[in-house]
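Q: Residues per chain are reported as follows:
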Amino acid sequence: MNETELVRRFLDGDREAFEEIINLYQAQALRSAYLISGNYADSEDIVQETFVACFLNRTQIRDPEAFRSWFYRTLSRNAWRICKKKRREQPAEELYPEDEPRTEGLLDQVVLREEERTLLEAVGRLPVKQRTVTVLYYYNDMPVKEIAKTLGCLEGTVKSRLYAARAELRKAMAEYERKGEHAWTILS
Amino acid sequence: MDDLILEKTIRETLKKQSGAVRADGLSGQRIRTAVSQRIEEESTMKRFNWKKTALVAAAICVLGSITAVAVGRPAYTSTHSSHNEEISDYAAAVAGEKKLDAAAKSVEKFENGYQFLYAVPQYDATHDEEHNVLETEIEMGYTYAKDGFDTVSLYKHRIGIVEELSGDTALALEDGTVLYYTKTVNKFVPPDYEKTEEDERMIAEGMNLAYGSSEVEVKIGQSVTWDQDGIHYSLFTFEEDLSADELLAMAKEIAES
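Chains A and B supply the protein sequences, listed in that same order. Counted from 1, the first sequence has number 136 at position 150 by my numbering; the numbering is strictly sequential. Counted from 1, the second sequence has number 216 at position 212 by my numbering; the numbering is strictly sequential.
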């Protein structure tokens, strides 16, 4: 059965179809939420809230083919809401913490090269809406047009957020490279 | 760093870091269980946030009473409603409203995606300083939602006293109707709450103080108010992501419907 048919069954009130949608979406949803929110505990909350909203508001979804966009819009909004609440108490530097307590849902630390760690920290410092666009584009492989539909904004807005995010990341990487060259200069 | 290399590094780093999240049968089961529990809880508690609806009604009520005090005679307004009377069908809400005191304009769906979620009758009363009821009115309060979360509420009542509208921003429509946008700080407090000096200072600066909440809670509200054909309209939201322009555009859709 294809996804559209599955969504149609779910919209008709089939609870088993809803379970199948959870199975189909939860892995990527969890990872996207983790990349947007920056920590695992929040990402589980975001995904749970998204599925609950999905079930409770299914009558608002008129077009089964638009489900994926609807789902990620809801997920993004949940992530923004949680990030906004946390922003006052959690500095950006603490996103994707290397020493995050191990939980059932988090594997042992992924080993990142120093360059990748620098880039990830820069992603964590991006404003949450730029970070969301970056994750949807580079991790979820969504084209600009689909991101615009998902976030309910103009394609131009997506492009400008991507442009600003890339500029920040480029700056962080240039700084990283500059420090590397500086060390080499001293050694020479 | 070359653009292509930067793009490749971003893509690879995010995919690598996402690999830290376990997404197997165990985590899937945990999420399914939590989601099922939440759905059961929500169904028991009624599917929408009734407390939020009550706070919106209280905030609009306070906005109304401030206007009333300015003209002298009435002192404050009060309102109550019951979620047992909730109407989830738009046509039924409009039909029900026609039987009430303040049948007026509304829309089922806005261009920005907000759509009708439910309506509920609001029982309003205007009191004098000695708590005597001067006037009562039943109106239909409409709640609209987008993505199932963000809500905007529409309230209306007959213009019983001369009210002078004002706002931070105004938008004049072709028929002469003027829409006024206002952003307010609302503090909801229990009935026995005693005002502090800080409250007095904040009230002087425009804060609304509303009694009747079970706990002290401060929320930023945005509203657009206007008078049209003998009806006073208030479009209200606690959603901070909604811009003033967007709320004004929604009000314009109702006023021009």
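Source of the hints: derived by calculation from the structure; they are not laboratory data. Everything numeric in this text was worked out from a predicted model, so none of it was measured. Idealized CB from N, CA, C, for every residue including glycine. Worth double-checking, as some hints may not be accurate.
[Unchecked claim] Looking from chain A toward chain B, a few residues come up when the C-beta cut is under 10 Å (computed):
| # | residue |
| --- | --- |
| 1 | ALA3 |
| 2 | PHE4 |
| 3 | SER18 |
| 4 | GLU51 |
| 5 | ARG67 |
| 6 | THR120 |
| 7 | GLY138 |
| 8 | ALA151 |
[What the hints assert, rightly or not] Straight-line Cα separation of at most 30 Å, DSS-like style, residue types lysine-lysine; simulated pairs:
| # | chain 1 | residue 1 | chain 2 | residue 2 |
| --- | --- | --- | --- | --- |
| 9 | A | LYS165 | B | LYS199 |
| 10 | A | LYS165 | B | LYS20 |
| 11 | A | LYS145 | B | LYS12 |
| 12 | A | LYS135 | B | LYS199 |
| 13 | B | LYS187 | A | LYS71 |
| 14 | B | LYS256 | A | LYS115 |
| 15 | A | LYS71 | B | LYS20 |
| 16 | B | LYS19 | A | LYS70 |
| 17 | B | LYS223 | B | LYS199 |
| 18 | A | LYS157 | B | LYS19 |
| 19 | A | LYS115 | A | LYS70 |
| 20 | B | LYS12 | A | LYS131 |
| 21 | B | LYS20 | A | LYS157 |
| 22 | A | LYS70 | A | LYS131 |
| 23 | A | LYS115 | B | LYS19 |
| 24 | B | LYS12 | A | LYS115 |
| 25 | A | LYS157 | A | LYS71 |
| 26 | A | LYS131 | B | LYS20 |
| 27 | B | LYS199 | A | LYS115 |
| 28 | B | LYS187 | A | LYS70 |
| 29 | A | LYS135 | B | LYS256 |
| 30 | A | LYS157 | B | LYS12 |
| 31 | B | LYS223 | A | LYS145 |
| 32 | A | LYS165 | B | LYS12 |
| 33 | A | LYS115 | B | LYS187 |
| 34 | A | LYS135 | B | LYS113 |
| 35 | A | LYS165 | A | LYS71 |
| 36 | B | LYS113 | A | LYS145 |
| 37 | B | LYS20 | A | LYS115 |
| 38 | B | LYS223 | A | LYS71 |
| 39 | A | LYS131 | B | LYS19 |
| 40 | A | LYS135 | B | LYS12 |
Q: Would the hint linking LYS187(B) and LYS70(A) be met if the CA-CA limit is 30 Å?
A: Within the cut-off at roughly 19 Å; holds.
Q: Is it true that the CA of LYS115(A) sits at most 30 Å from the CA of LYS19(B)?
A: 19 Å, holds
Q: Within 30 Å, alpha carbon to alpha carbon, are LYS71(A) and LYS20(B)?
A: Between LYS71(A) and LYS20(B) the Cα gap is close to 27 Å, so the pair holds against 30 Å.
Q: Taken at face value, is the distance from the CA of LYS131(A) to the CA of LYS12(B) at most 30 Å?
A: Holds. LYS12(B) to LYS131(A) sits at ~21 Å (cutoff 30 Å).
Q: Can you confirm whether the C-alpha distance between LYS256(B) and LYS115(A) stays at or below 30 Å?
A: 28 Å, holds
Q: Let's test the interface hint: is any C-beta of chain B closer than 10 Å to that of ARG67(A)?
A: With Cβ-Cβ at 8 Å, under 10 Å, it holds.
Q: The hint names ALA3(A) as touching chain B; please verify it with the least Cβ-Cβ distance against 10 Å.
A: Violated, about 13 Å.
Q: With the threshold set at 30 Å, check whether the alpha-carbon distance from LYS131(A) to LYS20(B) stays at or below it.
A: Answer holds: LYS131(A) to LYS20(B) is near 25 Å, not above 30 Å.
Q: For the pair we were handed, LYS165(A) and LYS12(B), check the Cα-Cα distance against 30 Å.
A: 21 Å, holds
Q: Take the C-alpha atoms of LYS70(A) and LYS131(A), compute the straight-line distance between them, and say whether it is at most 30 Å.
A: 26 Å, holds
Q: Would you check the hint for LYS165(A) and LYS199(B), treating anything up to 30 Å between C-alpha atoms as holding?
A: 57 Å, violated
Q: Could you grab the alpha-carbon distance between LYS115(A) and LYS70(A) and see if it respects the 30 Å cut-off?
A: 11 Å, holds
Going down the numbered hints, you'll see the structure goes against 1, 4, 9, 12, 27, 31 and 35, while the others check out.
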